[in-house]
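2 protein chains.
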Amino acid sequence: MMNQMARIDTGQEAQMANAIRALAMDAVEAAKSGHPGAPMGMADVAAVLFNRFMKIDPADASWPDRDRFVMSAGHGSMLVYAINHMLGYDDMDMDQLRSFRQLGARTAGHPEYGHAKGIETTTGPLGQGIATAVGMALAERMMNARFGDDLVDHWTYVISGDGCLMEGISHEAIDFAGHQQLGRLILMWDDNGITIDGGTDLSTSTDQQARFAAAGWHVQAVDGHDREAVAAAIEAAREDDRPSLIACKTVIGYGAPNKQGSHDVHGAPLGADEIAAARAHLGWSHPPFEIPQDILDSWRSVSARGAEARSAWQKRLETSPDQGRFNAMLAAPDAAALRSAIRDHTAKLAADRPKVATRKASEMALEVVNATLPNTVGGSADLTGSNNTRSKGMASVTPGDRSGRYVHYGIREHGMAAIMNGIALHGGLVPYGGTFLAFSDYSRPAIRLGALMGVPVVHVMTHDSIGLGEDGPTHQPVEHVAALRAIPNLMVFRPADAAETAESWEIALTAPASPSVLCLSRQNLPAVRLEAGDDNLTRQGAYVLRETEGARDVTLIATGSEVEIALEAADLLAAQGVRAAVVSAPCFELFAARPQAEREAVLGRAPRIGVEALIRQGWDGLILRPGDGFIGMAGFGASAPAPALYRHFGITPERAADLANQLIQGGK
Amino acid sequence: MMNQMARIDTGQEAQMANAIRALAMDAVEAAKSGHPGAPMGMADVAAVLFNRFMKIDPADASWPDRDRFVMSAGHGSMLVYAINHMLGYDDMDMDQLRSFRQLGARTAGHPEYGHAKGIETTTGPLGQGIATAVGMALAERMMNARFGDDLVDHWTYVISGDGCLMEGISHEAIDFAGHQQLGRLILMWDDNGITIDGGTDLSTSTDQQARFAAAGWHVQAVDGHDREAVAAAIEAAREDDRPSLIACKTVIGYGAPNKQGSHDVHGAPLGADEIAAARAHLGWSHPPFEIPQDILDSWRSVSARGAEARSAWQKRLETSPDQGRFNAMLAAPDAAALRSAIRDHTAKLAADRPKVATRKASEMALEVVNATLPNTVGGSADLTGSNNTRSKGMASVTPGDRSGRYVHYGIREHGMAAIMNGIALHGGLVPYGGTFLAFSDYSRPAIRLGALMGVPVVHVMTHDSIGLGEDGPTHQPVEHVAALRAIPNLMVFRPADAAETAESWEIALTAPASPSVLCLSRQNLPAVRLEAGDDNLTRQGAYVLRETEGARDVTLIATGSEVEIALEAADLLAAQGVRAAVVSAPCFELFAARPQAEREAVLGRAPRIGVEALIRQGWDGLILRPGDGFIGMAGFGASAPAPALYRHFGITPERAADLANQLIQGGK
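As they're listed, the protein sequences go chains V and H.
Okay, so the first sequence: first residue is 1 according to full-length UniProt numbering, each after it adds one.
Okay, so the second sequence: first residue is 1 according to full-length UniProt numbering, each after it adds one.
Keep in mind that the hints are not guaranteed to be accurate.
Same chains, same label: a pair holds when it works inside one copy or across any pair of copies.
Derived DSS-like pairs (lysine-lysine); straight-line CA-CA distance at most 30 Å [as the list claims (entries may be wrong)]:
1. K355 with K32
2. K55 with K249
3. K392 with K348
4. K32 with K392
5. K348 with K360
6. K355 with K315
7. K315 with K55
8. K360 with K249
9. K32 with K249
10. K355 with K392
11. K117 with K32
12. K392 with K249
13. K32 with K360
Hints listed in this document are in silico derivations from the structure and should not be mistaken for laboratory results.
Turn these sequences into a full structure, and let the hints steer you where they fit.
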């Protein structure tokens, strides 16, 4: 075990902790903004965790079998930066700490995944760090079930504050982790009794230890400044098969003699006087941004220990019969194999022309996807039969058997999205999960964080319009697609038929650094792509599905279930001698990235009409001209069978044809 | 006490429950969609609750001192409709039940507030019903603290399913209710062990009773089909000062002999054969949609009891010295008084021209608002000092003293928004609450539900752009305003200075049926409205802040903190001999509602440039022409001081002026 070091020099470890405190004070002071309270309060816990337990190698920050550390209380980012500097990550020199919170520095206000090595996930939006860590811990056990202890044997440690535990997502994450018995997850709660408004007793009376115990966790409580007690608790946590809470009673801003223990140290610089007093109080005589070599050496010995472990692991990997399979799991999805499999599938679709809901088409695509890619992991927030997310033979991931590929996330949309981020960040597995599109609002904070991090997760969102019918306006998305299209670096697909659905899956699964949302219909839709072809047309974002003979009189642009309506409108218009082209636009983001000339060619010079059973917002890239029109929703939906709703809200071929004639007349 | 009826005829009460079951089966069958499982499973609990406890008068459905009933498991809407029909609500005749889930019927798939009397809140998005009920129970105690038991003395009852308890928001609500010791709240959990994917053991192992106890709740467990046990538990719950959980062990779809207890009865019609079998099993021989008179009479006696209670209450009100004050609290905010007070305030602002952040301006406005309106209730999700939501002298609402006007919602944005919905729905109090705009994503599901219901709640969202600076991209809204503007029936304000902020408050607080979001800056902004006037210009949505002498060469349209930039750009352009008008557009929704001619006059014929430090999406109503331009964000922000970020992302007067010159050239 990592902790069986011959002898712990607690005096030295105390200085390792004080080094975190000093750097946090100094960097916040230099930035004139930031949060010294949490790093100073949890410095002892962090020093013990890293000094005695963490298995990491800064020389290979992405080593698959490293322990994961998540600072869920992301405002305490200086704890991470201070530690990563002292561990010797080569991108975290002292200038980075001096530039804390400045433009271009790796040391952002909150830890940003991808900005610097050793940051396992972006944190800051409270509670999500815990749920993301749950995903990492689940992925670890799932990979362990596939490759055994020799290759996969690591821990996920989380530091969270009171805020994380008040947020609703913490409940979803804790409940899920307890159910799945994720014993490799250890949560250290910075129990300092302080929030921004004042004492936690202003707003909560929950017995957190009892709460975690109720969720099936192993629970301990320690003095967070008693390092031996902390070490013993981590040790005991590692011996237990359940996920563990260690409630660490701490003093926020520990070491600042006049301000510690109050919310004054939470989120503001201490000031020169208090920093001087803290230095005296802690016996820390070193100048700002200077760490004595012996303390640096102690931190570096953590890294040396990790390097040894990595080297041993590397040897095991190289002699393992599973080496090829392991590396394949860790690699990006095999784009060529997927392209080939999807092409075969769409060729078959072009022949069969099935009339199915795109949620069903998604299931058909997943049969191909999951047979082709070994590491996809499906799931749903308790809507498996509605989201059609489970392809044949996908076994459930259960506490007793993690070899399966299907996760029952429970009725926890936000937790699911964050857990999927964690699975993807862990590596080795490619998660997708389903819920109703209306409940993308519940998942939204984690979808956004995934987009910010550039984590390729696929959110399967079915029941994507009033077309879901009777469940009514609470369940009918009207603004959700617009709201999702608004999130940067998120690809939003709304495929029109089985072929576009399969193509959307291909793109989503091979996107290197973007999450995707697939918006899928509940109701059946006809095949609109009638020809097989080598190209993935969805990759163009929007393309001409039906061209006119001769110059266009009008172009109808539609997505998803409304492509059928646009085609029928074009038929009506043809009968009137009006030439209407139809463009299918399954992904606005991909289309926006195409060259201007190509976009203009697709959209044409004739009047354009957008058709989407959703609000108009977000269409301005396609119909941004005074003579253009839109047919869709202007407000909330209603409860009724889908055909009645389409008629009621005037989203019909007849109305599209009428509008086309009006616009054509108006343009003359 | 309501329950001291001389004698309970349990045989008759059993029939009252079976009547719910029969109507639920029949309506779902007629609609060919819906959820019979929950109404049938909870029919006994509901029959006991209404027959022995509920204090309601269908002849006056909005009687302020009625008990509130919330069906948090909204998919079980037929339980509500069946009961409300039998209680005799005059808008719920049998034709409504026959038209379940059909276009135009009051009997939507999920209970919709405002569609029919006796529906206290819209439910369906799981978990929110609990949080909304918490708001109602809080409002009841706050009103009780103001008016005493004679006028305010009622209960809030909730039925929730497993889904509600898995959702994160349930944690926020339960934690808050336990802390606030909301003893008037009784939650009856439909503990049927079934979710859509199968048994609850697929995804949860939480000991719910222990969980609620940890949050400070009174906890009981009963057989949900043992009506005497249910009655005794409700009785005991009412005797306890804490909020109460009654875990009701039930069989989902109870009474359907072949399908009960399985997820097959959750969300699909039973079918004719199973309905026939259930009728036989339950001894219910009556035809579909027919309730025998004696059973109707029993339900009507609940209403008669309520009518008596209301009559007695009415007499107490009429003889109360508090009558005037009580009625004033219940009435809509006094628009004339508020207009006058805000006008005085803005006149003073025009003289003082303070350079303050709009979050600070909001606090200044709140000093006026809270002195003028007696029933505003402020609060924050633990960001009081950052959101500036607490005006002078606002005492905290605590478990021991509910006479205050300020609520510490804790770090629970979603819960806060739903609790505010509940406070507003309860009546008598006008809630507003603050968090960071980036975390509107956390609140979003409840903001949407408030918009769908038309509940006037004010969401105070500060730190509304990259202008917040160092906290970085997790905390910097770029797409949030667009995403909020996408929600129907939501007013989104982004005021430019203290005057517009005050005007926004006035509009938000007097909106009869729309929630509002106030997007406020962290950074200081100069006064841009330099003249006092009688009119609330923000009510126009967008207005000409600076007109040109002679024809406009360009119109700069900006919101919030970017109005300053637009004005400076106009100055730069003026120095170049270019005539630039500046339009401030604090509320797109209000502007969209103005007559077309007025909008065209404001926006002008010259090229237009939108300036907003956010994404462009949503601006197409203002700059929808090929020759127009936009200056804003194209992706996520970064961590740095605000001025550095504005320069980095090119949101500057110089860039706006350059773009103006380009567009003017391009148009020539």
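For each hint, the structure was consulted:
In the homo-oligomer, the alpha carbons of K355 and K32 lie at most 30 Å apart only across protomers (22 Å), although the nearest pairing inside one protomer, at 62 Å, exceeds that limit. Taking CA atoms no more than 30 Å apart as the test, K55 paired with K249 passes inside one copy only; the shortest distance there is 25 Å, against 47 Å between copies. In this assembly of identical chains, K392 and K348 lie within 30 Å of each other by CA distance solely inside one copy; the values are 19 Å within and 71 Å between copies. In this homomeric assembly, K32 and K392 come within 30 Å of each other (Cα to Cα) only across copies, at 29 Å, whereas the closest approach inside a single copy is 57 Å.
In this homomeric assembly, K348 and K360 come within 30 Å of each other (Cα to Cα) only inside a single copy, at 16 Å, whereas the closest approach across copies is 63 Å. In this assembly of identical chains, the alpha carbons of K355 and K315 never lie at most 30 Å apart, being 53 Å within a copy and 65 Å across copies at closest. For the homomeric pair K315 and K55, the shortest alpha-carbon distance inside one copy (16 Å) is at most 30 Å, but the shortest distance between copies (74 Å) is not. For the homomeric pair K360 and K249, neither the shortest alpha-carbon distance inside one copy (51 Å) nor that between copies (35 Å) is at most 30 Å.
Proximity of K32 to K249 under the C-alpha cut-off of 30 Å is restricted to the intra-copy arrangement: shortest distance 28 Å within a copy versus 56 Å between copies. Only within a single protomer do K355 and K392 lie at most 30 Å apart by alpha-carbon distance; the minimum there is 21 Å, versus 64 Å between protomers. For the homomeric pair K117 and K32, the shortest alpha-carbon distance inside one copy (25 Å) is at most 30 Å, but the shortest distance between copies (56 Å) is not. Taking identical chains as interchangeable, the C-alpha atoms of K392 and K249 are never at most 30 Å apart, the minima being 49 Å within one chain and 34 Å between chains.
For the homomeric pair K32 and K360, the shortest alpha-carbon distance between copies (21 Å) is at most 30 Å, but the shortest distance inside one copy (55 Å) is not.
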